[in-house]
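Chemist: With the first letter of the sequence shown counted as 1, position 292 gets the number 292 in the numbering used here; the numbers rise by one all the way through.
Errors might be hidden in some of the hints.
Here are the simulated DSSO-like pairs of lysine-lysine, each with C-alpha atoms no more than 30 Å apart in a straight line [as the list claims (entries may be wrong)]:
1. Lys195 with Lys392
2. Lys145 with Lys157
3. Lys486 with Lys145
Ranges between beta-carbon positions, derived for each pair [unchecked claim]:
4. Met95 with Asn407: 48 to 58 Å
5. Tyr184 with Ile380: 42 to 52 Å
6. Gly238 with Gly532: 20 to 30 Å
7. Ile380 with Arg492: 21 to 31 Å
8. Asn51 with Gly519: 45 to 55 Å
9. Asp308 with Ala437: 38 to 48 Å
10. Glu116 with Ser305: 42 to 52 Å
11. Pro444 with Glu481: 55 to 65 Å
12. Ser435 with Arg169: 35 to 45 Å
The hints are simulated quantities; they were obtained by calculation from the structure and are not laboratory data. Note that beta-carbon positions come from the ideal geometry of N, C-alpha and C, so glycine has one too.
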Amino acid sequence: MRQAKWWSAVGAALVLAGCNTTSGPINYAAPVKQAEVKPLLQEMQRMSRINQAWITELLAACETEKLACSMVSDKKHTLSTLGERTYDHLRQSEMIGLDPALYYIDSVEAILADKEANIYRADSLLLMGLLTYIRDVVEGRPELKKLDDLWLLDGEKARPVATALEFIRSGGDEAVLTALEPTYPEYQFLKTGLKHYLEMSDDSRGKPITRLSEGNVLRKGQQSAAVVTLRKRLAETGYLTESQTTSSHYDDALYKVVQQFQRDHQLEPDGIVGGQTTRELNLSVDDRIEKIKVNLERWRWMPRSMGDHYIVVDIPGFEYYVVKEGEVTLRAKTVVGKDLRPTPVFSSDMNHIVFSPYWHVPRSMAVKDQLPRLKNDPNIVMNRNIRVFDSKGKEVDPRSVDWSQYNQRNFPYSLRQDPGRNNALGQVKFMFPNSHAIYLHDTPQKYLFERESRMFSSGCIRIENPTELAVYFLEEQGWDENRVQKAYERGRETTVKLPNDKKIPVFTLYMTTKAKKDGTILFRPDIYKRDGSIIAASKRLTLEAKQRIN
1 MRQAKWWSAV
11 GAALVLAGCN
21 TTSGPINYAA
31 PVKQAEVKPL
41 LQEMQRMSRI
51 NQAWITELLA
61 ACETEKLACS
71 MVSDKKHTLS
81 TLGERTYDHL
91 RQSEMIGLDP
101 ALYYIDSVEA
111 ILADKEANIY
121 RADSLLLMGL
131 LTYIRDVVEG
141 RPELKKLDDL
151 WLLDGEKARP
161 VATALEFIRS
171 GGDEAVLTAL
181 EPTYPEYQFL
191 KTGLKHYLEM
201 SDDSRGKPIT
211 RLSEGNVLRK
221 GQQSAAVVTL
231 RKRLAETGYL
241 TESQTTSSHY
251 DDALYKVVQQ
261 FQRDHQLEPD
271 GIVGGQTTRE
281 LNLSVDDRIE
291 KIKVNLERWR
301 WMPRSMGDHY
311 IVVDIPGFEY
321 YVVKEGEVTL
331 RAKTVVGKDL
341 RPTPVFSSDM
351 NHIVFSPYWH
361 VPRSMAVKDQ
371 LPRLKNDPNI
381 VMNRNIRVFD
391 SKGKEVDPRS
401 VDWSQYNQRN
411 FPYSLRQDPG
421 RNNALGQVKF
431 MFPNSHAIYL
441 HDTPQKYLFE
451 RESRMFSSGC
461 IRIENPTELA
471 VYFLEEQGWD
481 ENRVQKAYER
491 GRETTVKLPN
501 DKKIPVFTLY
511 MTTKAKKDGT
521 ILFRPDIYKR
531 DGSIIAASKR
541 LTLEAKQRIN
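Please take these sequences and the hints and turn them into a complete structure.
Modeler: Quick look at the structure:
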């Protein structure tokens, strides 16, 4: 009875504090001393990462439905059954890449250990922790998501109060909370991989690793002490045995091992231990755990389903693939945006294909790339079949213009490249309308697909097998490879709309870890340097949570 009165008083005080958004009945006359309630309310407002109205709404619903919502047993100074189940689930949040400190677990443990402590404080903390956890699992942590201004994909919306009530009504069934997590196989595989890394022995976690100097470049044939360091680090990562660590000679066997390491981490397999390879070798177990956590977080930012038929552009993986009913039906290499013009994360439905396309040069590229060429020699632009048009759409001879008078601010022309094999878009583009002017397209620079790292575009996605993809989408309309080739050769821009059942979503994704079914994880280069700020903010968020508790 005292617990019910306690929470009635808390709910009433929250209403008076302006936190109420519901009309649920609350017992304002509950005989609990305000001196007990006020410090608790102040702590809730100080520590909370959620909307205080959620707490008010939940308490009102508990009273209306006469639910046993208390997390504690005040007579025994212990947790109730509901509290124990809530505590156990929040305590395990590390296994999905979150931190129990964000859900007040350390503070709850301290309260339970101190018989003189106010047990109702643990009650309020677990209640806040539950609501916060629900939001974080469904939507991700808002403090982290806002840091990535290139993540433009809308995710799922949490229903913290409704879900908390479902959990309470179930008596604390953990299946209610587990069901909130993303169901993508990649997310589940990453969880398996994280468990493996978290379970590594104390000898691995926290232990100083053998670090290579980032100033050294090692090549096959060299003989130096730095080669011994390289061998030791490769042994620590499982690529060599301890007996192979003493030689200072960079021999052919070591060269092949380095190449394998590079392939496994999506680096150029040249056998040269330079900057990128050194940085990858210098990642510790704890570093890798943080990278896994970042990518689990990104999966929480995703919508809960991409549908039954979709295209994924794996930005740091430099590939795209088509998925239909859970199976990959097509896969090929890509070229993505360079670091100064990165490809963002977003989604849109592909609805038409353009053969022999014109390239309408984006203004940003016209003034940054083409204007300097026009100033230097207009013939360079003309030789690339790029035409110049004034504001009225009239074609202008570029040799008749004094280009020295124009800059990025006052450039009054638009540029368009004619169709053809040397067109920047190649011979076909795949359109999924979006505000970023990004699409999939062919390219005349086929040699770039031989590179391991392929960041050469201005944001659009160049694909290795455009003909195969065109046939994939248009086969049911009577298109085959021969017909596609004829559309190329015609040299006239031709648009083909996709049938409704082929209008599938395209997702451009940025995940710097990729996991296999057995939990084996491929750590890829963070090509746009996005991981660091999220890792730092995550650690800062945890530190702030612990400081608030203390």
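Chemist: Per the hint of 45 to 55 Å, is the separation of the Cβ atoms of asparagine 51 and glycine 519 within bounds?
Modeler: With a Cβ separation near 36 Å, asparagine 51 and glycine 519 fall outside 45 to 55 Å, so the hint is violated.
Chemist: Return holds or violated for the Cβ distance of tyrosine 184 and isoleucine 380 against the range 42 to 52 Å.
Modeler: holds, 47 Å
Chemist: Measuring from beta carbon to beta carbon, are serine 435 and arginine 169 in 35 to 45 Å?
Modeler: Holds, at about 43 Å.
Chemist: Given the hint that lysine 145 pairs with lysine 157, test it: the Cα-Cα distance must not exceed 30 Å.
Modeler: The hint holds at about 14 Å.
Chemist: With respect to the beta-carbon atoms only, verify the hint that methionine 95 and asparagine 407 lie 48 to 58 Å apart.
Modeler: holds, 55 Å
Chemist: 21 to 31 Å was suggested as the range; check whether the CB atoms of isoleucine 380 and arginine 492 agree with it.
Modeler: holds, 26 Å
Chemist: Between proline 444 and glutamate 481, does the beta-carbon spacing fit 55 to 65 Å?
Modeler: Taking Cβ atoms as reference, proline 444 and glutamate 481 lie about 19 Å apart, which means the hint is violated.
Chemist: Check the following: the C-beta atoms of glutamate 116 and serine 305 are separated by a distance inside 42 to 52 Å.
Modeler: Given a distance of about 50 Å, which is inside 42 to 52 Å, the answer is holds.
Chemist: Does the Cβ distance between aspartate 308 and alanine 437 fall inside 38 to 48 Å?
Modeler: This hint is violated: roughly 28 Å between Cβ atoms.
Chemist: Taking the Cβ atom of glycine 238 and the Cβ atom of glycine 532, is their distance within the range 20 to 30 Å?
Modeler: holds, 25 Å
Chemist: When you check the alpha-carbon spacing of lysine 195 and lysine 392, does it fall within 30 Å?
Modeler: Not satisfied, since the Cα-Cα distance of roughly 62 Å exceeds 30 Å.
Chemist: Checking one constraint from the list: CA of lysine 486 to CA of lysine 145, max 30 Å. Satisfied?
Modeler: It is violated: about 46 Å lies between the C-alpha atoms, which goes past 30 Å.
Hints 1, 3, 8, 9 and 11 from the earlier list are contradicted by this structure; the remaining hints agree with it.
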